[in-house]
Amino acid sequence: MSPISSWFHHYANPGVFLRLVRPCLLPLGTISVILLMTGLIWGLCFSPADWQQGENVRIMYIHVPMAWLASACYVALALCGILSLVWRHPLADRAAIEIGPIGCAASALCLVTGSLWGKPSWGTWWVWDARLTSMLILFFLYLGHITVIRAFDDSFRGQKAAAILAIVGIVDLPIIKFSVQWWNTLHQPDSISLTATPTISLSLMWPLVLCTGGFTLGAITLVNTRLCASLMERQVQFFSRRGK
Amino acid sequence: MSRSPLLKPSRKTTRLWILCASLLCLGSATFLVLNAFSSNIVFFMAPSQLRDHPPHPSRVVRLGGMVVAGSLHHHPNTPDTTFDVTDGQVAITVHYTGILPDLFREGQSVVAVGELQTDQSFKAQEVLAKHDETYMPKEVADALKRSGKWDPRFGPPPDAASWNRMTATSHDQHP
Numbered sequence: 003m004s005p006i007s008s009w010f011h012h013y014a015n016p017g018v019f020l021r022l023v024r025p026c027l028l029p030l031g032t033i034s035v036i037l038l039m040t041g042l043i044w045g046l047c048f049s050p051a052d053w054q055q056g057e058n059v060r061i062m063y064i065h066v067p068m069a070w071l072a073s074a075c076y077v078a079l080a081l082c083g084i085l086s087l088v089w090r091h092p093l094a095d096r097a098a099i100e101i102g103p104i105g106c107a108a109s110a111l112c113l114v115t116g117s118l119w120g121k122p123s124w125g126t127w128w129v130w131d132a133r134l135t136s137m138l139i140l141f142f143l144y145l146g147h148i149t150v151i152r153a154f155d156d157s158f159r160g161q162k163a164a165a166i167l168a169i170v171g172i173v174d175l176p177i178i179k180f181s182v183q184w185w186n187t188l189h190q191p192d193s194i195s196l197t198a199t200p201t202i203s204l205s206l207m208w209p210l211v212l213c214t215g216g217f218t219l220g221a222i223t224l225v226n227t228r229l230c231a232s233l234m235e236r237q238v239q240f241f242s243r244r245g246k
Numbered sequence: 018m019s020r021s022p023l024l025k026p027s028r029k030t031t032r033l034w035i036l037c038a039s040l041l042c043l044g045s046a047t048f049l050v051l052n053a054f055s056s057n058i059v060f061f062m063a064p065s066q067l068r069d070h071p072p073h074p075s076r077v078v079r080l081g082g083m084v085v086a087g088s089l090h091h092h093p094n095t096p097d098t099t100f101d102v103t104d105g106q107v108a109i110t111v112h113y114t115g116i117l118p119d120l121f122r123e124g125q126s127v128v129a130v131g132e133l134q135t136d137q138s139f140k141a142q143e144v145l146a147k148h149d150e151t152y153m154p155k156e157v158a159d160a161l162k163r164s165g166k167w168d169p170r171f172g173p174p175p176d177a178a179s180w181n182r183m184t185a186t187s188h189d190q191h192p
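Residue numbers (the working numbering), protein chains in the order written: chain D, 3 to 246; chain G, 18 to 192.
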């Protein structure tokens, strides 16, 4: 067995995973709450209003982290799909079940907050431009994944179909990311990039960075807590069945 | 006849290769589809595109561009407005009846949904304001305007890297 495979299968053991992850949950959760509270209070109460959007700009402190989370969760979902299909990793399928709803909620919040921002700024709740449409497709992919992974009596078949769906859906992510560069859209291009100076004032950017970090750590904590709970639930079922 | 175990790929490796090949095919297919439909995916046409390739009359198109400074006219006591939209090459006059979005102003990018008339003017049913990627506090915008480095009516603000320098000189000039 190759070193990579043995490493995978070491952590595939639920007992090892629980021993490793459970002690990290409380510190992780605490850090994420602190980050999130700082970022949100700073962003919603103290950061300056934008010169033309006014106070509406504060929707960004929820909208941008949610858009990022929706994409990041989908990458995690697709990685779980690959781990499940190629290496038959038993934890990957459990993780995919737990990641789906969180990513779905993030994409829904991204669409709702974007719509609430769009009405006063653009003058419309919704347009079928490339960015908005590809994000809506991501939301539908999440809904499909959540449904498919629970749809079969034979859970293995459901997990296999969901893994394929998650991997196929990954083509939507570059479309979401680059839609504002490839085609002209109503949605504005990215303000923060790796190569150029941010076109967002630092007094607006720092709270945004804190909120994004807080939401990301919070989501990681949430997924791992759900995963631990589901593993322990399975252990309880196993022991109670053996006890009969 | 069996091959040497070293040469024979494991089932995991086979699955990984099948997956990579499928993803490659899927990616190429998506690329080709998006490439073929790229003219339908664009959300709006620039005035020069509209002038070069006039759409069928009575076909609803989206016209995107910047509102020309000084071209905005509100007709008194009516909700009618007239303004010019330009991409720097061609300007098209837009007639619109209705409420303009909050972000609408001269120098702003807008998208007008409507029909190109026979007299080359544009009758809009809906006007959307487009926000650019610049987010700046009111104080910075005021300082830039005060220093004369930027007039919002003539286009997007200067490069963000220069904001501090520009607003700093403004204080020297206007104590």
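Quick caveat, the hints were computed from the structure, so don't treat them as lab data.
Do not rely on the hints blindly, as some may be mistaken.
Keeping only pairs whose Cα atoms sit at most 30 Å apart, straight-line, the calculated DSS-like set for lysine-lysine is [what the hints assert, rightly or not]:
no. : chain 1 : residue 1 : chain 2 : residue 2
1   : D       : LYS162    : D       : LYS121
2   : D       : LYS179    : D       : LYS162
3   : D       : LYS121    : G       : LYS140
4   : D       : LYS179    : G       : LYS155
5   : D       : LYS121    : G       : LYS29
6   : D       : LYS162    : G       : LYS25
7   : D       : LYS121    : G       : LYS162
8   : G       : LYS140    : G       : LYS155
9   : D       : LYS162    : G       : LYS29
Just so it is clear, the structure is predicted and the values come from calculations on it, not from any experiment.
Hints, one by one, checked against the model:
Restraint check for D:LYS162 and D:LYS121: not satisfied, since their Cα atoms lie roughly 41 Å apart, outside the 30 Å limit. Among the hinted pairs, D:LYS179 with D:LYS162 is consistent with the structure: their alpha-carbon atoms are about 27 Å apart, no more than 30 Å. With a C-alpha separation of about 22 Å, the suggested pair D:LYS121 and G:LYS140 falls inside the 30 Å cut-off, and the hint holds. As the CA atoms of D:LYS179 and G:LYS155 are separated by approximately 29 Å, the hinted pair is consistent with the 30 Å bound.
As the CA atoms of D:LYS121 and G:LYS29 are separated by approximately 50 Å, the hinted pair breaks the 30 Å bound. Using a Cα cut-off of 30 Å, the hinted pair D:LYS162 and G:LYS25 holds, with the two alpha carbons roughly 25 Å apart. The straight-line distance between the Cα atoms of D:LYS121 and G:LYS162 is roughly 28 Å, inside the 30 Å bound, and the hint therefore holds. For the hint linking G:LYS140 to G:LYS155, the alpha-carbon distance of about 34 Å lies beyond 30 Å, and the restraint is violated.
For the hint linking D:LYS162 to G:LYS29, the alpha-carbon distance of about 15 Å falls within 30 Å, and the restraint holds.
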